[in-house]
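**Q** In case you want the letters, here they are:
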Amino acid sequence: MNPTPSQTVGPFYGYALPFPGGGDIALGGIAVHGYVYDGAGEPVPDALLEFWQADSRGQVRGAPGSLRRDPTSGAVLGRDGVTFTGFGRVATDRDGHWTLRTVEPANGYISVCVFARGLLRHLYTRIYLGRDAFLDSLPPERRQTLVAVEEREGVRRFDIHLQGEKETVFLDFG
Amino acid sequence: MSEPLQQSDIDQEIAALAGTAADHPARDYTPYRSTRLRHPRQPLVPIKDPEAVELSGPVFGVTDVTPTDNDLTKQHMGEPLGERITVQGRVLDRDGRPVRNQLVEVWQANASGRYLHQRDDHPAPLDPNFTGVGRCLTGDDGSYRFTTIKPGAYPWRNHVNAWRPAHIHFSLFGSSFTQRLVTQMYFPGDPLFPYDPILQSVTDESARQRLIASYAHELSVPEFSLGYRWDIVLDGPAATWMEEGC
Ligand SMILES: [Fe+2]
Numbered sequence: 001m002n003p004t005p006s007q008t009v010g011p012f013y014g015y016a017l018p019f020p021g022g023g024d025i026a027l028g029g030i031a032v033h034g035y036v037y038d039g040a041g042e043p044v045p046d047a048l049l050e051f052w053q054a055d056s057r058g059q060v061r062g063a064p065g066s067l068r069r070d071p072t073s074g075a076v077l078g079r080d081g082v083t084f085t086g087f088g089r090v091a092t093d094r095d096g097h098w099t100l101r102t103v104e105p106a107n108g109y110i111s112v113c114v115f116a117r118g119l120l121r122h123l124y125t126r127i128y129l130g131r132d133a134f135l136d137s138l139p140p141e142r143r144q145t146l147v148a149v150e151e152r153e154g155v156r157r158f159d160i161h162l163q164g165e166k167e168t169v170f171l172d173f174g
Numbered sequence: 001m002s003e004p005l006q007q008s009d010i011d012q013e014i015a016a017l018a019g020t021a022a023d024h025p026a027r028d029y030t031p032y033r034s035t036r037l038r039h040p041r042q043p044l045v046p047i048k049d050p051e052a053v054e055l056s057g058p059v060f061g062v063t064d065v066t067p068t069d070n071d072l073t074k075q076h077m078g079e080p081l082g083e084r085i086t087v088q089g090r091v092l093d094r095d096g097r098p099v100r101n102q103l104v105e106v107w108q109a110n111a112s113g114r115y116l117h118q119r120d121d122h123p124a125p126l127d128p129n130f131t132g133v134g135r136c137l138t139g140d141d142g143s144y145r146f147t148t149i150k151p152g153a154y155p156w157r158n159h160v161n162a163w164r165p166a167h168i169h170f171s172l173f174g175s176s177f178t179q180r181l182v183t184q185m186y187f188p189g190d191p192l193f194p195y196d197p198i199l200q201s202v203t204d205e206s207a208r209q210r211l212i213a214s215y216a217h218e219l220s221v222p223e224f225s226l227g228y229r230w231d232i233v234l235d236g237p238a239a240t241w242m243e244e245g246c
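Sequence lines, in order, name chains A and B. The first sequence lines up with residues 1 to 174 when you count with this note's numbering. The second sequence lines up with residues 1 to 246 when you count with this note's numbering.
FYI, nobody ran anything at the bench for these hints, they're computed from the structure. Quantities reported herein were computed from a predicted structural model and do not represent experimental measurements. A portion of the hints provided could be inaccurate.
Listed below are the simulated EDC-like cross-link pairs for lysine to aspartate or glutamate, each with C-alpha atoms no more than 20 angstroms apart in a straight line [stated by the list, open to error]:
id : chain 1 : residue 1 : chain 2 : residue 2
1  : B       : Lys48     : A       : Glu151
2  : A       : Lys166    : A       : Glu141
3  : B       : Lys74     : A       : Asp70
4  : B       : Lys150    : B       : Asp95
5  : B       : Lys150    : B       : Glu105
6  : A       : Lys166    : A       : Glu151
7  : A       : Lys166    : A       : Asp136
8  : B       : Lys48     : A       : Asp172
9  : B       : Lys74     : B       : Glu223
10 : B       : Lys150    : B       : Asp71
11 : B       : Lys150    : B       : Asp28
12 : B       : Lys48     : A       : Asp132
13 : A       : Lys166    : B       : Asp28
14 : A       : Lys166    : A       : Glu150
15 : A       : Lys166    : A       : Asp95
Cβ pair distances, simulated, as ranges [said to hold, decoys possible]:
id : chain 1 : residue 1 : chain 2 : residue 2 : range
16 : B       : Pro191    : A       : Leu138    : 46 to 52 angstroms
17 : B       : Asp71     : A       : Asn2      : 47 to 53 angstroms
18 : B       : Glu79     : A       : Arg157    : 46 to 52 angstroms
19 : B       : Pro4      : A       : Asn2      : 35 to 41 angstroms
20 : B       : Ser220    : A       : Arg157    : 50 to 56 angstroms
21 : B       : Pro188    : A       : Val149    : 48 to 54 angstroms
22 : A       : Gly29     : B       : Pro155    : 42 to 48 angstroms
23 : A       : Glu141    : B       : Ser220    : 39 to 45 angstroms
Footprint (simulated), chain B over chain A, 3 or more residues, beta carbon under 8 angstroms [unchecked claim]:
id : segment
24 : 4-16
25 : 31-42
26 : 114-120
27 : 124-138
Beta carbons: idealized from backbone N, C-alpha and C, even for Gly.
Throw the hints in and build the complete structure from the sequences for me.
**A** As structure tokens, this is what we get:
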């Protein structure tokens, strides 16, 4: 069957998609943070990032409960703090900044899906936390765009450049 | 200083790019000006890894929604203004298999064309009885259903006198992260279609038609609402990609 075409997320998803605790996949692990930039090097304040990853043993089963609701009020209760759902969602702030708190996945990378106003179809990339054969297959200058840099103990930095000299490697799964 | 960009300029650009066969918009579609600095210039890097985590995907369940989340007319003390509608359809993968128990999220402007959002400064009234946000889980047959009001058209600043046709934003998850889709549903016969660079970014006529719901009289509820049907087909390799080994 022919697929339904993609359209931009637009600027007005704020009440619909982000949810409290969306960037807290798991506590007690690492923080990964960074900025999203456009082709002029300006921060993108209306991007939405989604994250999907394996757990610390390499399991990628996923589980409900990322955006747990109160059945009475409909308000977001947040994650229960025990279940690892593997899913995160963070809107960039006015500075184009985002933060994710999670555990290091056993397979070494966190998958990222990027949405933004002005982006007609989402983009995929990966945050690599260590060495990997796929990274080795890329030219050195491009490889760096997929590697999170350790800023200090437990804190990694990962910027996303939608365009330009430092343009991030985006992936095609076919 | 350059002349302000007119609809006639955009019309010419749309015409120059029209007809290209593709299921999805090109990310560098220039008539939509915000694409200019927000699309990659390097080609995407293909990845064919049967172990890729992207071939699995997030899971949602009854804990993530409340049963009334799919009725956007019942979120406040009073009824929202506007034409009450029901929108229903099925979410399928490219093989026509239903996408079961997955999350569908929607958001939209109110009947006047105004979003409940700080950055929407369109001088049309907010509706205290309408937030314009809904969600539901698909059924075993991939079906979803929302009760809402028909959104209004609204102006934006892509060019002089730019108006978006009425639309509902949809966010969809498949069984794998590669099937993720964010898109917009339009209403049949909208006179704004030819002027809108976002809809026209889908340059293939038949693909563009797949973004337009059909009026479905059998879905209209007597004395209550008008019915629209819109089926959604998710792109991207599904979980069977591994089994098929292609
Ligand atoms: Fe919109």
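**Q** Each hint should be assessed against the structure and marked as holding or not.
**A** So, going through the hints one by one against the coordinates:
1. B:Lys48 with A:Glu151: violated (31 angstroms)
2. A:Lys166 with A:Glu141: holds (9 angstroms)
3. B:Lys74 with A:Asp70: holds (16 angstroms)
4. B:Lys150 with B:Asp95: Roughly 31 angstroms separates the two Cα atoms, so the pair is violated.
5. B:Lys150 with B:Glu105: With a Cα-Cα distance of about 16 angstroms, the restraint between Lys150 of chain B and Glu105 of chain B holds, given a limit of 20 angstroms.
6. A:Lys166 with A:Glu151: Given that 20 angstroms is the threshold and the Cα spacing comes to 19 angstroms, the pair holds.
7. A:Lys166 with A:Asp136: With a Cα-Cα distance of about 18 angstroms, the restraint between Lys166 of chain A and Asp136 of chain A holds, given a limit of 20 angstroms.
8. B:Lys48 with A:Asp172: Satisfied, since the Cα-Cα distance of roughly 9 angstroms is no more than 20 angstroms.
9. B:Lys74 with B:Glu223: At roughly 17 angstroms apart (the allowed maximum being 20 angstroms), Glu223 of chain B and Lys74 of chain B satisfy the hint.
10. B:Lys150 with B:Asp71: Distance ~13 angstroms between Lys150 of chain B and Asp71 of chain B Cα, so the pair holds.
11. B:Lys150 with B:Asp28: violated (31 angstroms)
12. B:Lys48 with A:Asp132: Roughly 15 angstroms separates the two Cα atoms, so the pair holds.
13. A:Lys166 with B:Asp28: holds (18 angstroms)
14. A:Lys166 with A:Glu150: It holds: about 18 angstroms lies between the C-alpha atoms, which stays within 20 angstroms.
15. A:Lys166 with A:Asp95: holds (18 angstroms)
16. B:Pro191 with A:Leu138: 46 to 52 angstroms: Cβ of Pro191 of chain B to Cβ of Leu138 of chain A: about 48 angstroms, so the range 46 to 52 angstroms holds.
17. B:Asp71 with A:Asn2: 47 to 53 angstroms: For Asp71 of chain B and Asn2 of chain A the Cβ distance comes to about 31 angstroms; the hint is violated.
18. B:Glu79 with A:Arg157: 46 to 52 angstroms: holds (49 angstroms)
19. B:Pro4 with A:Asn2: 35 to 41 angstroms: At 38 angstroms between Cβs, range holds.
20. B:Ser220 with A:Arg157: 50 to 56 angstroms: Taking Cβ atoms as reference, Ser220 of chain B and Arg157 of chain A lie about 54 angstroms apart, which means the hint holds.
21. B:Pro188 with A:Val149: 48 to 54 angstroms: Holds - the Cβ-Cβ distance for Pro188 of chain B and Val149 of chain A, about 51 angstroms, lies within 48 to 54 angstroms.
22. A:Gly29 with B:Pro155: 42 to 48 angstroms: holds (45 angstroms)
23. A:Glu141 with B:Ser220: 39 to 45 angstroms: violated (58 angstroms)
24. 4-16: holds (count 13)
25. 31-42: This one holds; 4 residues, not fewer than the three required, reach chain B with a Cβ under 8 angstroms.
26. 114-120: Answer holds; 6 residues pass the 8 angstroms Cβ test.
27. 124-138: With 3 residues in contact (Cβ-Cβ under 8 angstroms with chain B), the coverage given for the segment 124-138 of chain A holds.
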